[in-house]
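Protein chains in written order, with my numbering: chain A, 1 to 415; chain B, 1001 to 1373.
Honestly, I wouldn't trust all of these hints.
As the list claims (entries may be wrong) - In silico DSS-like links for lysine-lysine, alpha-carbon gap of 27 Å or less:
1) Lys35/A <-> Lys144/A
2) Lys1028/B <-> Lys1224/B
3) Lys1028/B <-> Lys1164/B
4) Lys1250/B <-> Lys1224/B
5) Lys1250/B <-> Lys144/A
6) Lys279/A <-> Lys18/A
7) Lys24/A <-> Lys184/A
8) Lys85/A <-> Lys1323/B
9) Lys184/A <-> Lys42/A
10) Lys1149/B <-> Lys337/A
11) Lys344/A <-> Lys258/A
12) Lys176/A <-> Lys1133/B
Read the hints as simulated data drawn from the structure, not as lab findings.
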Amino acid sequence: MSEEQLKKDPEKEKMKVKSVKKMKEIMTAYYIDAKTASQNGKKVGWITSGGPVEPIIVMDAIPVYPENHGAMIGAAKMGVDLCEKAEDMGYCRDLCSYARSDIAASLVNGGPIGGLPAPDFLVCGNNICGTVLKWYEIQARYYKVPLFIFDTPFCHTEFSSEAREYVRRQIDEYIKFLEEVCGKKFDMDRMKEVGRLSLQGQRLWQEVLDTSMNKPAPLSAFDAFFHLALIVTLRGTQTAVDYYVMLLEEMKERAAQKIGSIPNERYRLLWDNLPVWYKTRWLSEKFASYDACLVADTYTTAWCGSLDYLDENDFLGSMVEGYTRIYLNIGVDEMLKIIKKMIKKYEVDGFVMHSNRSCKPYSLGQYDIMKTLQKEMGLPSLMIEADMVDERSWSESQIETRIDAFMEIIKQKKG
Amino acid sequence: MNTIRQFQDVIDDSGGYARRLKQGSGGKILGYFCTYTPEEIIHAAGIHPMRLFGTRFAIAHADAHLQAYSCSLVRGVLEEALAGRLEFLDGAVFPHTCDSIQRLSDIWRLNIDFSFHADVVLPVKLDTASARKYMADVLRKFRRELEEKMGLSISDEALLKSIKTFNTIKRALEKIYRLRSENPGIISGADVYTLVKGAMIMDRSEAAEKLSAFAQALGSEKAKGPDARRRIVVSGGLCDHPVIYDLIEKSGGAVVWDDLCTGSRYFEGLVSEEGDPYEALADRYTDRVVCPAKHSSITARGDNLVRIAKEHSASGVIFLLLKFCDPHAFDYPYMKEMLDGIGVPSMLMEIEQDLPSEGQLSTRFEAFIEMLR
Ligand code: SF4
Ligand code: SF4
């Protein structure tokens, strides 16, 4: 090693987020628990990322997230192989790659953890997309287990009183469903506790993301993609709360010491849509080479976007609104309002959109959002055409050229 | 037959037809998507409901709003609107079905200046009591929206009358389908499609009358000798390409039934003409065969296709799926498997607005139908 590199090392050590190790431990323990659930007499329920998980935790069953699994498959670069398997099974290549890789993984016990534990029941919240409905129907046929559909009417411009009543009734139906599949009574006192923990976790997650308002941002969107796993999978548990307390402290500390997520933050950007899981590192480094940090994103924010609607004193009741009015279940103009707020809050210089072939509800409408931001705020934006898991949709040289051109514009604007 | 010519003329110049209709009656016209639109309520308001299909023109405007991975129906309809070819409309109605239509509604609302825009956010699952209640609530909400925004009122009597008109159309179409299934030689697949499509565009009283008379006349049509063609059922979303029916028939097949939104999913199941009309409409929507964007049971669509194949003695099924249509693509593997289970072979054809050459299509159809012998 050269002398120079040696000197750099303590710098690099300082840059590393210490909580990463802890997170890996927690996730490993969680998956071991899930995979040995049946030996321990516990039920496993598969649930969508936007689904109402808290009641499952109340029942002491283990929630498992095929979407998180999809993300792991993508990050492990095992997506293409599984997607191709799904295509051999007759699933067209244009379908969501989370769904395709999960469906194939079920059949061959594939992916980085050798497949998910088989479910005892399925809970599908369609507040994120229509894809999950089809995907969970497929898994319900495959595993021959009961399926509960938590149907949250789409809110183009309003959350109607009719929809509110419908969702409210489904919460009761959901609890009945859980009582049946788990074979025990639902404990309302425990619900209060889990609801409180869920809210606390979401608040902490919001605070963690908020630390990116600092300049330099101690945490980037790419970091957030990683630390997100617990608010998705262990929302409503003490484990998640403890972890985010720790992460928040670390981030605050970094902010105080002015340690940024990238070495020389000069430009601040906002990311839209799911991560490109197999390229997060490449993207992060590519932008960092321009001293640009993706300081925030619309994706990880979605897991604390309902805080305004949730009520600690009536968690079950407030779930109606909290789970219906989430980011992907609202009109494009409503999404735009949230994006505008984030642009101001994090003081960003540009907007990077991942046009994600896999996810139509997230991606259709992006052109209109882009145009409005350009017109109303003069904000430059970049669109990257890709897919979150299926690497075949990634064309590096083209994307590189686009990023170069985009960063030129940002530089010229900001200097 | 004369009726088919008339329907074809309406389809060929649907814009011109709409403009003339407007001048004649001075009434309003609402465009709509998909069979989950409560046409009866629109009609009862004295408004002409007109189903929108894709475009025959190249996409020039829609690409600025929709990525290339949206289906050609969504892109095509937006193109028509942005190009100003739907200027005769007073608005559009978007029932909630798939993710693409959902976003199309937003994009449409933000970019196209019609006075009326309604989202009919139906339940996605249709197999519970609370969903059934929500369905009726949403239909009543739609009524209120029409009344308020259009400044009119919709009486239950008018709605009942509309229900009867639409039932007449559906009954006639079903009869035509049945007669064809018994005797495929009496009418071509393309002609049947012309009747179905025309019925979604033209004045409904006129359509009801003409279709009833046509069905009556067709009933007395004689079989043209034994039919050696293979009996084919077509399954999928919509097929707005009459030439496909021609090619199937030229390749030695006879389309005897279908499982399409521009076909049996449109006319199967009548609305009750008794009791509260909103409850009756809600019942029909919850009882009817679902589209893949809705849920009634995990095997509902497969069961239905198997039933159709058996009932109409299908020798084979052709899945016609629109490229980038997620709900249908997700259902295909299990539906195919269920057909395999009863020994009915099937083939998959992915279609877009622009079809492959006729030669290519024929080769594939011929190969499939040959195998059915
Ligand atoms: S990526 Fe999009 S389409 Fe796929 S499951 Fe998630 S929200 Fe649904
Ligand atoms: S259901 Fe399929 S064909 Fe119909 S609009 Fe949606 S994606 Fe397009």
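Let me make sure I understand: some of the numbered hints might not hold for this structure. Which ones are they, in numerical order?
The structure breaks hints 2, 5 and 7; every other hint is satisfied.
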